[in-house]
Amino acid sequence: MLYNVENFASHFFVLGDPLIYGADVSIVLVSLAIVFVLTYYKKWGWLWREWLTTVDHKKIGIMYMIAALLMLFRGGVDAILMRTQLIMPNMPFLKAQHYNEIFTTHGTIMILFMAMPFIFAMMNIAVPLQIGARDVAFPYLNAISFWLFFFAAMLLNLSFVIGGSPDAGWTSYAPLAGLTFDKGPGENYYLLALQITGIGSMATGINFFVTIMKMRAPGMTLMRMPLFTWSILAACIIIIFAFPPLTAALTLLLMDRLAGAHFFTIFDGGNPMMYVNMFWMWGHPEVYIVVLPAFGVFSEVVATFSKKRTFGYASMVASLIAIAVISFFTWVHHFFTMGAGPGVNSFFAVATMIIAIPTGVKVFNWLFTMYQGRIRTKLPMLWAIAFIPNFAIGGASGVMLAVAPADYQFHNSYFLVAHFHQVLIGGVVFGMLAGMYYWWPKMFGFMLNERLGRIAFWFFNIGFYVCFLPQYWLGWMGMTRRIYTYLPGMGWTFWNIISTFGAYLMGVGFVFIVLQILYSIRYGERDLTGDPWDGRTLEWSLPSPVPHYNFARIPEVTGRDAWWTMKEAKQKGEMQPELEPLKPIHMPNDSGRPFILSVLFFIFGFGMVFTWYPMAAVAFIGILLSLILRSFEYDTDHTLSVDEIRRTEAAYGRV
Amino acid sequence: MSTIDDGIQEHAHSYHHGGPSAGKEDHGPWKHIIGFVISLLFTALALWMVVAHIAHASMLFAVILALAIAQAFVQLFFFMHISESHAPQWPFHVWMLTLGLLFTITVIVGSIWIMSFGTESY
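Quick note, the sequences are listed as chains A and B, same order. Its first residue numbered 0, the first sequence is counted upward by one per residue in numbering that gives the first Met the number 0. Its first residue numbered 0, the second sequence is counted upward by one per residue in numbering that gives the first Met the number 0.
Derived by calculation from the structure, the hints in this document are not laboratory data. Be aware that a few hints might be false.
[What the hints assert, rightly or not] Here are the computed lysine to any residue pairs in the SDA-like style, where the Cα-Cα straight-line distance is at most 20 Å:
{"#": "1", "chain 1": "A", "residue 1": "K213", "chain 2": "A", "residue 2": "F458"}
{"#": "2", "chain 1": "B", "residue 1": "K30", "chain 2": "A", "residue 2": "I627"}
{"#": "3", "chain 1": "A", "residue 1": "K213", "chain 2": "B", "residue 2": "W94"}
{"#": "4", "chain 1": "A", "residue 1": "K306", "chain 2": "A", "residue 2": "K213"}
{"#": "5", "chain 1": "A", "residue 1": "K213", "chain 2": "B", "residue 2": "H92"}
{"#": "6", "chain 1": "A", "residue 1": "K182", "chain 2": "A", "residue 2": "K213"}
Here chain A stands alone, though its shape is the one from the complex:
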């Protein structure tokens, strides 16, 4: 009996590694600290009422952002550990298995649980405000999306201490990720966490597509929409069409692993390359899902901080849509070396190069927007300017990789690693940080400290080049990705030392961002105007933080850069339209069910990971039950009275 318990525990918990014991201890301590603080300050009710049950897009956006920053921390720690292991040849710091697990979770977390929630954060916060709407089209579904993401992230992170992390790379290629080569529950964690968060992502894609199509303020035609909203529309189109192949690929692989199917096995008629094919049908459009919103942020930031309207608006829109469509025709460039033949490889190589054209158009448009503009290098603009050379280098190395014959040399080398970090960090992370700085006063009502932010910026930006430029060299010298150690005498040591040093600088940069946020919570300057940057789009017409119903009166849009047009009209002393009397506002009710539903999804996922089917079945019945209960819920919304709106507006000094 005792032996059985011991045997179970030694497989269930990850034992024998001091780093993981450290993680165990810190997880327990942090959880205890959270419970203690919430209990001590009697905040449980507040947490439930204000956050866990909210359907307000602004609060959901804030929660997405906090989660994304936490995941950035976790993925960043993974990166630091990997770079520390690689600093010298024959480092004894991490074992091979542990290194495999770390690079797998680093990639998975950074793409799916950092980049994705960060773009969802920005779109939740900004899109409804930019189009003059009071919420998204389906606020309840929006809460479900968030909580599914959140619990999927928890599920994947749990693998670290319970059962063992996935270790077949973030792409989880078959047959390595199949049952023959990877027995433990780690890969199951990966498959289930991605499926659960995938449901949330799909719902968000549909939700924002409908929101943008159907809920724009009167007068806001498609060609008057802010470019950030356009970028989200393009990203939503990609989400809607790209996620189904991933869902299918993951489901089939899960059937291979749990039900003994042979879709991607080597024998019995399986075809592992089909998994690779299906994975990249999603995987390539996915990088555009995360980078287009960053482009959108840059368009807003560059126009605002150059005090000019965006140069070439129509070409910006056209290139967004072109990128969205062409992104579906490039996926083979991730596996040119499969050897599908010159016909296939040439087609996808050319398609890949074509995508550089609309991207180049956008870069030139940003430059022309800045040209002769009155540039203010506030934090968002700093990140936007830093993005341009960074992305140009990353884009150029991308076109090099797109040359199919050359790719046979570059494939899976550190050249590739340097390339995609350059576009994903230089594009997405810089973009999301710019967006965070830009909309922070709108979210919280106070400004972030500029000085600490600048220190963070320089550490992160210089650290970035120090870390990743040497990796191009390492790639040329034949260092392949995902190796956990190397021999002295390869000529790699010097560049690896430099690269690791750069990673530490980036780590310092992140610490300064955290310090900046903590300092500014205490001492940050209040934003009383609601328009601290002299903005151009409608979100800046509202007070900061925005009241929960957003607009007391839905604005009439008369031109592009709607808020700028209104400000100009006011300055010229043109006749202001008579203010309409306030009307009652119809709002959705808060609900605890999205949270509970997602907890059930978590339990279902956990049961499936360990093939404890009774547990999974019970949770699944719970999921069905909560869906059915929602169908029979009729009390889903309420109306705010004019008095209430007037009181809230008066508190902001806006009556």
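Using the hints, position chain B against chain A.
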């Protein structure tokens, strides 16, 4: 017009103008239930045919493909209300359907093209 479409319209409408609550007239979800059952039947049929090996491989491929296309139409008619377009939004419906068709064909034809590697002669 069906319930879902009403919902969106009403929803958008009421958030802007503070109108009454959405979807007051209720047609019942029968269309969705029927669509759901048909989808399940098609899927079960495909699975059963393959597991039971009722025909040659090439025959099975053809039948599964036919079922998949039928499945797509079930989705379009029972869930996505393709037949219930309004004048102001029809261009978007056509655009999205064209895009969907384009991507579907790319995925299927592309996969066959890519995965039949090694069988071509140069």
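These are the hints, each one checked on the structure:
no. : hint            : verdict
1   : K213/A x F458/A : 43 Å, violated
2   : K30/B x I627/A  : 17 Å, holds
3   : K213/A x W94/B  : 16 Å, holds
4   : K306/A x K213/A : 30 Å, violated
5   : K213/A x H92/B  : 13 Å, holds
6   : K182/A x K213/A : 48 Å, violated
When each numbered hint is compared with the structure, violations occur for hints 1, 4 and 6.
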